[in-house]
Structure formats: C-alpha cells, structure tokens
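Engineer: Next come the chains, spelled out residue by residue.
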Amino acid sequence: MTKVTLTVNGRAMSGECDDRTLLVHFIREKLGLTGTHVGCDTTQCGACVVHLDGRSVKSCSILAVQAAGSTVTTIEGIAGQGELHPVQAAFNTHHGLQCGFCTPGMVMTAVDMIARHGGDLDEHTVRHELDGNICRCTGYHNIVKAVLAANEEMQGAARQAAE
Amino acid sequence: MGMEGIGARVARKEDKRFLTGKGRYTDDMVVPGMKFAAFVRSPHAHAKINGIDIEAARAMPGVIDVLEGRQLQADGIGNLICGWMIHSKDGTPMKMGAWRPLAIDIVRYVGDAVAIVVADSAGEARDAAEAVVVDYEELPAVTSAVAALQPGAPQIHPEAPGNLIFDWQIGDPAATDAAIAQAAHVTEIEILNNRLSPNPMEPRATLGIYDAAEDHFTCYTTSQNPHVARLVMSAFYNVAPENKLRVIAPDVGGGFGSKIYIYPEEIVCLWASKKTGVPVKWTSDRTEAFLTDAHGRDHVSKVKMAFDKDHRIIGLKVDTIANLGAYMSLFSSAVPTYLYATLLSGQYDIPAIHANVRTVYTTTVPVDAYRGAGRPEATYLLERTMEVAARELGLSPAELRRKNFIRSFPHQTPVIMNYDAGDYDASLNAALAAADWDGFAARRAEAESRGMKRGIGMSCYIEACGIAPSQAVGSLGAGVGLWESAEVRVNAVGTIEVLTGSHSHGQGHETTFAQLIADRLGVPIASVNIVHGDTDKVQMGMGTYGSRSGAVGMSAIVKALDKVEMKAKKIAAHLMEADESDIVIENGDVKVAGTDKSLPWFQVALAAYTAHNLPSGMEPGLKETAFYDPSNFTFPAGCYIAEVEIDPETGKTEIVQFVAADDFGNIINPLIVEGQVHGGLAQGIGQALLEEVRYDEQNGQLLTASYMDYAMPRADDLPSFTLSHQNTPCPGNPLGIKGCGEAGAIGSPPALINAITDAIGINHLHMPATPLKVWSALQDGQMRQAAE
Ligand code: FES
Ligand code: FES
Numbered sequence: 000m001t002k003v004t005l006t007v008n009g010r011a012m013s014g015e016c017d018d019r020t021l022l023v024h025f026i027r028e029k030l031g032l033t034g035t036h037v038g039c040d041t042t043q044c045g046a047c048v049v050h051l052d053g054r055s056v057k058s059c060s061i062l063a064v065q066a067a068g069s070t071v072t073t074i075e076g077i078a079g080q081g082e083l084h085p086v087q088a089a090f091n092t093h094h095g096l097q098c099g100f101c102t103p104g105m106v107m108t109a110v111d112m113i114a115r116h117g118g119d120l121d122e123h124t125v126r127h128e129l130d131g132n133i134c135r136c137t138g139y140h141n142i143v144k145a146v147l148a149a150n151e152e153m154q155g156a157a158r159q160a161a162e
Numbered sequence: 000m001g002m003e004g005i006g007a008r009v010a011r012k013e014d015k016r017f018l019t020g021k022g023r024y025t026d027d028m029v030v031p032g033m034k035f036a037a038f039v040r041s042p043h044a045h046a047k048i049n050g051i052d053i054e055a056a057r058a059m060p061g062v063i064d065v066l067e068g069r070q071l072q073a074d075g076i077g078n079l080i081c082g083w084m085i086h087s088k089d090g091t092p093m094k095m096g097a098w099r100p101l102a103i104d105i106v107r108y109v110g111d112a113v114a115i116v117v118a119d120s121a122g123e124a125r126d127a128a129e130a131v132v133v134d135y136e137e138l139p140a141v142t143s144a145v146a147a148l149q150p151g152a153p154q155i156h157p158e159a160p161g162n163l164i165f166d167w168q169i170g171d172p173a174a175t176d177a178a179i180a181q182a183a184h185v186t187e188i189e190i191l192n193n194r195l196s197p198n199p200m201e202p203r204a205t206l207g208i209y210d211a212a213e214d215h216f217t218c219y220t221t222s223q224n225p226h227v228a229r230l231v232m233s234a235f236y237n238v239a240p241e242n243k244l245r246v247i248a249p250d251v252g253g254g255f256g257s258k259i260y261i262y263p264e265e266i267v268c269l270w271a272s273k274k275t276g277v278p279v280k281w282t283s284d285r286t287e288a289f290l291t292d293a294h295g296r297d298h299v300s301k302v303k304m305a306f307d308k309d310h311r312i313i314g315l316k317v318d319t320i321a322n323l324g325a326y327m328s329l330f331s332s333a334v335p336t337y338l339y340a341t342l343l344s345g346q347y348d349i350p351a352i353h354a355n356v357r358t359v360y361t362t363t364v365p366v367d368a369y370r371g372a373g374r375p376e377a378t379y380l381l382e383r384t385m386e387v388a389a390r391e392l393g394l395s396p397a398e399l400r401r402k403n404f405i406r407s408f409p410h411q412t413p414v415i416m417n418y419d420a421g422d423y424d425a426s427l428n429a430a431l432a433a434a435d436w437d438g439f440a441a442r443r444a445e446a447e448s449r450g451m452k453r454g455i456g457m458s459c460y461i462e463a464c465g466i467a468p469s470q471a472v473g474s475l476g477a478g479v480g481l482w483e484s485a486e487v488r489v490n491a492v493g494t495i496e497v498l499t500g501s502h503s504h505g506q507g508h509e510t511t512f513a514q515l516i517a518d519r520l521g522v523p524i525a526s527v528n529i530v531h532g533d534t535d536k537v538q539m540g541m542g543t544y545g546s547r548s549g550a551v552g553m554s555a556i557v558k559a560l561d562k563v564e565m566k567a568k569k570i571a572a573h574l575m576e577a578d579e580s581d582i583v584i585e586n587g588d589v590k591v592a593g594t595d596k597s598l599p600w601f602q603v604a605l606a607a608y609t610a611h612n613l614p615s616g617m618e619p620g621l622k623e624t625a626f627y628d629p630s631n632f633t634f635p636a637g638c639y640i641a642e643v644e645i646d647p648e649t650g651k652t653e654i655v656q657f658v659a660a661d662d663f664g665n666i667i668n669p670l671i672v673e674g675q676v677h678g679g680l681a682q683g684i685g686q687a688l689l690e691e692v693r694y695d696e697q698n699g700q701l702l703t704a705s706y707m708d709y710a711m712p713r714a715d716d717l718p719s720f721t722l723s724h725q726n727t728p729c730p731g732n733p734l735g736i737k738g739c740g741e742a743g744a745i746g747s748p749p750a751l752i753n754a755i756t757d758a759i760g761i762n763h764l765h766m767p768a769t770p771l772k773v774w775s776a777l778q779d780g781q782m783r784q785a786a787e
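Top line first, the protein sequences correspond to chains L and D.
Take the first sequence: its position 19, counted from the start at 1, is 18 in numbering that gives the first Met the number 0, and no numbers get skipped.
Take the second sequence: its position 730, counted from the start at 1, is 729 in numbering that gives the first Met the number 0, and no numbers get skipped.
Simulated from the structure, these hints should not be mistaken for lab results.
All C-beta atoms in this analysis are idealised placements derived from N, C-alpha and C, irrespective of residue type, glycine included.
Among the hints, a few may not be true.
As the list claims (entries may be wrong) - Reference listing, derived: stretches of chain D covered by chain L, where coverage requires no fewer than 3 residues with Cβ under 8 Å from a Cβ of chain L:
# : region
1 : 245 to 253
2 : 495 to 509
3 : 565 to 576
4 : 704 to 712
5 : 715 to 727
The task is simple: from the sequences and hints, build the whole structure.
Structural biologist: See the structure below:
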C-alpha cells in the first residue's frame, strides 16, 4: 500500500492504494468521485477522461502513484456547486447525452478541446478530436452540435470580456 | 401543447445529474462490508471439466471464499431458461439444453463461468481467480450455425441432437411455391446478417446483498426490466420468493437489449452473498462484456422473391438459419421467429409468404435480442432483395417499391401482423426530396471527375413496436404477459409522482412521462417525478425494450391519469357546487366551464387529503393505478437514403449524406425522438460498415474481444443526419404513438449496402463493408472486366 496525495477539484486529498491501482479506480473508489467512469480495458473509450495538470488524460491509462502530487479536475469539479459549465449546459440544451455513461468523459474532452482550439472549431475538427471517446447512444450528432454551440458561446463571452 | 406538454421540444430533466457526475450506476454503489467478486471463466470453447482445484486460490491474500457450481446446485439454485416456447413444424417443443449458472461438467463457450471468487478487493479476487486450477479436457468447437448443422459436427447439448433447437415455419409453403413457379421473374439472393456485440458503454454489474436477520436479498443490477428479473429469479431460479427479493436497477448506462436478460452473475452474486455473509459486487470489464453479454443477429438466409409481369411481388420464400450460441438466453427463441418472420411482408402487399427458420446451438456466447431484434434482419433481407430485384428488372428502386406498397389499412399480412395505419408514399417522397435523389446523377459525375465512386441507396422499413397484447403473445409461446403498469400519486400539495414499470436507461422517460402529466394537468414538469427501476417502489412492470415504453408504458399512465382526473373533478364539483360534467382542468386550474369559478390544482389535491369536505362516501387521497394491455403491435415505418463516396484506391466508404424520414405517429418530445433516431442510425451504420463479432472457427476463441479488434462507430466515422417525421397516428393506443427506439438500427444497414453496391457496380456485398471488402470487390470487378 502506498499513500497518494493529490489536489482534486481544488482540494488536497489522499488515500492508500496498491501500487497497481489505476488513477481512475483511485478517484472512484478511494476518493468516492464516481462521475469518472470505466468503459473499457484498452484505453479506447474515453469514459474516464479527467484533466491532469491542465491536460485531458484517460485516467485508466496511468497509475494513481504516477499522479501523486499533481492537480486533477474531474467532472464534479468543472463548475461551481449547482452550476453548469457552458459545455454541460450545451449538452443539456442540444440533447448531447442519453444514458449519461460516456458523458463525463465527453464533457471533459470537449472542455479541453475548446481550450486548445479556441476560435477555430468546426464540425470536422470536433469529430476528429472526439475520436478517443465512444458513445453508443447518441450517434454523436448532438454531441458535435453541443460542443460547437458551447464553443460559440464561450468565444462570445471571451470577446465580450476583452471589450 | 403548452410549453412543456406533448409535442414540446423540452430539454431533459434528468440531464443535470449525469452532466455533473452525480448519476448513480450500479458500480457506483457502496454498502458497508461490501466485497468484490471475480469469475473463473472457461478459456476453451468446449471442454469437459474433470476437476476443479480451489485450494491454492482460497489461500491467496484477501480471499474470503471460492465457490463452485456443485455447491450452487446443492443449494437448489435452478438453471437459466428461455422464456418463450417455440414448437417445431412437426409439433415438437424446442430442445432446450441445461444452462447452469456455474458450469459443472461441461463448458460450452469461451467465458462460460465455472466458479466465483469473493475477496477484499477486485484485484485480489482476480488474482485468486487465476489461481483456480480447472482440469479441462478439450472438445471440438463449432462457431457457425451452418457448420453446426452438418453431419458429424460436435454435439453441444444431449437434449438437442444435431444441435438443432427447432425447425419452425410460418406462412403458406404451397401457395408460395406455386407463386414462384408461375412468376415472370424470380430474384434470388443469399443474405448474411453479421453477428454483433451490443456494447452499451456501461458494462454489466451487480451487487448482491443478503440480510440474514430478515432472510432477505437485495440485488442492484444493470437491468432494463428489474421486475422481470425478480420474477424469473424467484419463480425459476429459486433464489428467493418475490417478497424476499428486491431488485433495483438504478441509472443504467445503455442496454440495447443486452440488459434484458438474466445472466448467471446476478444469481451467483446473490447466492454468494448468502454463502459468505458479505455483500458481493461484480463489475464486468470490457473483455468480459464481449465474451459474456448476449450477442445479436447472426443469421444466414436464402431468399426467393417472385414477381408477376407487372413487377408486383406475388411470393416470398425465405430459409433462415439462426445461431443461438451455446445456451438459450431469455428471449432468444422469439427473436428469429415472431420478431423476425412476422415482418417479412415489409411495406409491401405480398399475397404469399413462407419462411422456414432453424435455430442452432454453437460453442459461442448466447445470442438474443439486440436493438431491433429480428426486425433489422427482416428489413435487411427484404430491402437488399428489393434493390437487387429493381436492378434486375431495370426499374428505379423507388418505382419498384411504389408498385408494391400497401395503401389500404388495416392490412392483414400472410405472416400474422395486422398493420393498423401508415403512409409509405409520404416517407418515401419526403426522403427522396430531402436527399435530392433527382440531382444524384450530376453529383456522381462530379465525383467521377475526382476519381471517386459515388452511390445512392434506399431502404423502406417497417417494424413492430409496443410489444405486445398479452393474450396474443401467450398463444404464441411467451412465458409472460406484455402489458405495463402505472401509478399516479398526487401529493397533498399537488406535486405528482408517477410510478412506472418501464425502465429508462437513456430514453428520457423522466422528461417525456412528465410532459404527459404537464399536458393533462397543466402542472410544470418540475413538479412531476418519475419513479422506476425498484421492485420495492413499483409493484410490477415489464420493463423497457422493443420501443414499448411510449406505446405501452405511457398508455398505462394515461389510464391512471383518467382515473385521477375523474376523482379530482368529482371533488372540485363538490367544492364549487357545480356539475361534475362541467369541470375542466386547464393550465393548472380546475374550473367550472363557462364560469369564473376555479380552484388551483393543489387545492383540489389538498382537499383530497384533508378529507374535510369530500363528496359523501368518497375515500380520501388522490392516487390511482392502472395496467394497460395493448390491443395490437404498433407499426413505425419510414424511408432511409444513404449516399456514399468510395475511394477506389483504399476501398474506404465515406457517408456523404444520410436522410431518415420516419413515421412514428404522434411524438411527445421531438428532441428526444431525434436523439433516438441518431443513436439507432449509428448502430445500424456500425453494422453495415464496421462491426462484426468474429470467432476463430477452429478453436472457438473470440477474436474481437476489445475495442482494438471490434470496430465501434466513432464520431469521425459518421455524418450528421437529416431527419424528418411524417405522421399517421397509431389508432391502437390513446396517445397515437408508435415508438422510435429501434427504427434507426433497423432501416439503415440495407440503405448503406444498397448505396455501396450501387457505387461499385455489383449486386452483392456482405456486411460489414470494410475497406478491404470493398477494395477487393472493386479489384474482382476490374479483373472480370479485363477478362471479358
Ligand atoms: S476506461 Fe479509460 S479509455 Fe476506456
Ligand atoms: S450517452 Fe450513453 S454512451 Fe453516450
């Protein structure tokens, strides 16, 4: 057993785990943050995406001990209590989720995508960028719509803020 | 319709919890003292078990116990069953082999469960499972149904000689043969329907909790129908009587059919919890899901379609072999029979049909219903045949279909179904216009100039939803009735709880069901809660599959609402000293029509509970229950058009447009209906282009057991879709709705294969149309041309 301490959603948290424990299991089982999901065992589905030191990563692809000392944001931490991040709100408006299982990973990927691509997201880029996230319910149509709409809105807000 | 009523495009109420990571799925559940299970699974497709040595495993760190099939059998836990009896054409009942929750003497597919390990952590349970030594004596495997029927094929169950489960038929063989004999033209084709893995993103999971003090079991499980699970586990598997077994299906991350069935793991974890005295949780990983979740499709069919000189279909003959895998899963026998062959008339007026279906055991995981269940197989067969026939007859695909459409309703087909309403021309015309079919020639020429091959294809599907009239399905062999239940509870403050036997695992019931209440009573949907998925809260229900929750589940709510309204009106009439027949409920108020007398809804509800001033003899309270048994199936139908561009250098298909024109009858929430169509289309396109379960034919190993080997449709494999809705309301239920959950998966595969074969100028290509297959077909064509 090894003690792992990291900053999760702005709070220092720690827990004991086996050396072989994956970050995703540590987050779910030791920290009780069950919004991050496990959908596969080959790092293909993206249900487990979190932000690690500001980058989106599949939390099933690294060990908890490797993440010690880093800063993690999970789906529970991207908006204030009771609030929705613009990406979350856009998923709701455009019906970008059905069973909700892929959704946390999708949202975390989308937030990161918008941060990296800023103003020049188009349908083609969104579809390409979502390559690492599988959704079995929505056919992606409304997810793509939601990401583009959130991007629009966030660019608009950024422009207003700059003016 | 109001802002939130029927027909309103309301964003979903349930989204917030999923979007913020607060969904509660089975694997999220934690109870005090909970331990973890791993299953010891067969690495062989077919083998005799000569012995199981658990001693080393028992001594592993963290292990609480290792349990085997013999102990389970000794405790009286029963075998798994198929709940739909089919008789062969010679009158003999289907031949069901024994399916033990934990195999004892023989394993019959890779992944067949042999023992369960319970340990402090999931990791320790897995380590110990690997330390269980099973002495297997390998037997020969057979993975294809056709091969399993050959003389000398490995025999899988003693109960089913030659691996034949049943040899069933429907329709009139003599009339069909006569039609073929006198036909002006007969189109013949062989159809393969590729085997698929449903792959809901949430893997199956279960948590079994035994309470020794109460002698009571609780089962959390990833189920589409928790009540049926409880019934079957009680009545057939002998886990516990129904009053001692609570089944909870909390948030469920997609099902698509694969979570209808009762699998060994739920039963074994409940039993293991009693044996070990601790709650036992098991969560499948994706590899286990590929190995053990029921697969779908896997049909091989020969088709003859006969036409008269005016291109009218006069007969259809179908011979199908369906692979049911190693054991008969819960509804497996119904899928290639009553959910398949009864739809073989399609949208066409066909006077004579005969279908023969043989179902077969193989050493593969059980096959059961997957989104569409039988109807995609029927549609693919018919619509591929129609396309080939149109080419052979020199007609446009639309023209051949128009010549054969059913245009008067009700229409009795020769294969049981009685279509109640439809307008197939409307969907065809809408799709042709949306796809600009007439402009295709120019688009093809333009693609040609870029060296690309462009093709267009259509499919006109019909399906049957809202399963189903209980008496009818009972006479056809179903073990259960297929009604639905609802309870509408009005609280004293006027807010409402609706308890339903339907189960939502992505379909949005919490919103659409609330919209129905909003529509009727004028209360905001925020005041309505939908309760489902727990046998302690909802008395009984049949669950969600076959696009039945709208047509059947909501009809039950309508019936309960009728009763609630009637009582509320009586109370209001009494309070306002008016005649009951003058009372109307509008925008949240209960009014006396034509006067300014009115009471807010909540005051009527409150009056029902204070009971200070009720009509004499009336019971207090405002809560009503109803069961709704449908009078017929519903018949959604539509037309899909796919346009593709193929790169001849690589064989890769790009979908340049996909048009769906559907008639679902009345629609409660277009936003949600569109989402259902999108998701269905993605699965159908996946089947047509990407997905295929493959077993090694020699040793029966599953070759496609991960997302590296099984191609799931991803965002960049798919286009955005163009949808439209036509509406012929369903006359058979109070809301006029037909169901929309499966259409996309049913109608899309033939449209795509028709488009691809159109692009590359051949008649036949089996799914999935991978780049290799398409490229090879192009090379063959070039070689043939060169040789000619
Ligand atoms: S669970 Fe991490 S990618 Fe699937
Ligand atoms: S919403 Fe169900 S997997 Fe994406």
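Engineer: Looking back at the hints listed earlier, which ones does the structure fail to meet?
Structural biologist: Hint 3 alone not satisfied by this model.
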